Amino acid sequence: MLGLNKKDASLLLVVVILTMFAPFFLNPFPTESAMAQFNAGYPDLMQRFVIFGIFAIGFNLLFGLTGYLSFGHAAFLGVGSYAVVWMYKLLDYNVLPGLLLAVVVSAIFALAIGYISLRRSGIYFSILTLAFAQMMFAISYSDLIGRFLGISLTNGETGLQVYTSDPQVLLNDWETVPHLLGLIEMRSTYTLDLAGWSFDFNAGYYFCAFVMILAFYLAIRIFRSPFGLMLRAIKSNQQRLNYTGLNTRPYMLAVFVISGVYAGLAGGLMASMDPLAGAERMQWTASGEVVLMTILGGAGTLIGPVLGAGFIKYFENIFSKINENVLHTWFNFMPDGLENFVVAIIYPFIGKGWHLTLGLMFMMVVIFLPGGLVEGGQRIAKLLKRGKKDDDGANTATATKPAE
Amino acid sequence: MGILEVKNVGKRFGGLQALGDVNLSIAENTVHAIIGPNGAGKSTLLNCLVGKLIPDTGSVMFDGQSVLGRKPFEINQMGISRVFQTPEIFGDLTVLENMMIPCFAKRDGSFEMNAIGSVMGQKDIIERAEQMLEEMNMADKRGMNSASMSRGDKRRLEIGMCLSQEPRLLLLDEPTAGMARADTNNTIDLLKQIKEERDITIAIIEHDMHVVFSLSERITVLAQGTPLVEDTPDNIKGHPKVREAYLGESADQ
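Residue numbers (my numbering), protein chains in the order written: chain A, 31 to 434; chain B, 93 to 345.
Derived from the structure by calculation, the hints contain no laboratory data. Quick caveat: nothing in here was measured; it's all calculated off a predicted structure. Glycine included, each C-beta is placed from N, C-alpha and C at the ideal position. Heads up, a few of these hints could be off.
[What the hints assert, rightly or not] Incomplete in silico selection of chain B near chain A, CB under 10 Å: (1) N206; (2) I208; (3) V211; (4) C254; (5) G270; (6) N277.
[Said to hold, decoys possible] Covered by chain B, according to a simulated footprint, are these stretches of chain A (three or more residues, beta-carbon under 8 Å): (7) 245 to 255; (8) 268 to 277; (9) 280 to 289.
Chain A on its own, in the form it takes in the complex (with noise of 0.2 Å):
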């Protein structure tokens, strides 16, 4: 099917549906009830799930199949929030001529620090596009360019945003969100009310989610190509590749573009789901992120980096809407003088502290899950193999005896 063997279309098909069914998947607990703040179903988030999982499966294509670990991918994001702005300002809100030039504006961005950065490899390759991202940063928070040429090209520590006095060339008077080609609104969502539950199906979400399966089936030919039986040839052994007449550069020039478009994607998408850009979004904690999210998930697989964008980006909005009001009334059974006590002891790992839960759950996967969350998943996976298969020989010994 689609070119793929049997095991990757099933892995393709479990994704498209895992995010076609997604608003009901991540709202399972009745409104009302007290479980509901663990509900991720809301469109923000569910459309952050997939773009970071556009983001991260990029990131992988050049980290999981090179092992080169680029520590500046964030600049590639906020080039492509920007891009599709700067296209509201001069077009209209229509997101699809903004994603057009995110992908070529990261292609080109991605180009040139992927030409100079590939010089070294190892840790100075990381350092390099730490200081490429870093730099792009300082130069968009402070629009040096912009102030160059007399324009205001990132608006600064602002951020980029529409103002009525853009020109806005092909601006319908309806327009005042961004829409896909003046069908349908990114914000519109129809909210499905069943028997306490509640589901929301927004359009932004289902065009991120549709981008993101093109992402993610795109990924899984890399994988398969030559191209990507190359790469993981230069994760191996660089050495020898050379020495068998095959060129490592243009190889690890290509994935990085690659995997920099996919990041530039992702950025555009932020952009078209709320139209703001800001150059926080370049600094080297976004960088870092995307770098824990694949590590987390499994680096070199093809669904490792999904999960894990989403296990970051809900514990991030989940946990940290837990406050000590919250705690209090889950221990609200206790007596008080251990209610207060237990309340104390976990009030640091949530709120702003979720922080300190995430870098212990990352420990814990690192340490005892080096393969990440699917290696987790193929663990138990064997687990409850090894049971059944045990179970199936108990059987058949037991009912060979009197057929023989």
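With chain A held as given, fit chain B onto it using these hints.
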């Protein structure tokens, strides 16, 4: 004219003259061994042939074309394959995938962007790789992770990968270093078989005299960065200069 002509090659590392003035001619379809005591410059010479090092002086011509200034992958595409002292294979890949990579390099050249087609759809490459594994007697190991093989098997795979490119010159850098006796003998047999079955020139750097004398047709003895003598194995054995510089030392061991 040999297939490989090395003329007046010199290489200096700081205060150390690693290669003095090396002249070497390797005739087509022969097995030519380069021997010498530790520090004689054997590996430096080899690295100058494959593009890892650029000599300070002199010229290296392969089949009438200069290799100097070319990158290792370009030199390989000219028809020189190299086997390393420790087997260099793609440890994360399966044996079959290992064998497919040189087949791709042979068919598509140094770079080919095919990111959409499936590897498993490349029937001609798979066929060629499997045939090569068959010739190396490794067909049963095709799905194995190559890192988990024995050293002898890794060497066999590496040689097979080099041969699948149909090189005109095969360079071997101490192919039996660190091997058990049985693996060493297997490797010798394999190289003998290659020599008989193919039109190929083999240059071999080796410490093990047993390997050198059972394979080579010509021997160059290198000492302190300059060739001492070049002759047939029988003459080398009795050569007083060689005994003094090299064989006497190893006979004591």
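Okay, the hints, checked on the actual structure:
no., hint, result
1, N206, "holds, 5 Å"
2, I208, "holds, 5 Å"
3, V211, "holds, 5 Å"
4, C254, "holds, 8 Å"
5, G270, "violated, 18 Å"
6, N277, "violated, 25 Å"
7, 245 to 255, "holds (count 4)"
8, 268 to 277, "holds (count 9)"
9, 280 to 289, "holds (count 4)"
Violated hints, listed in ascending order, are 5 and 6; each of the other numbered hints is respected by the structure.
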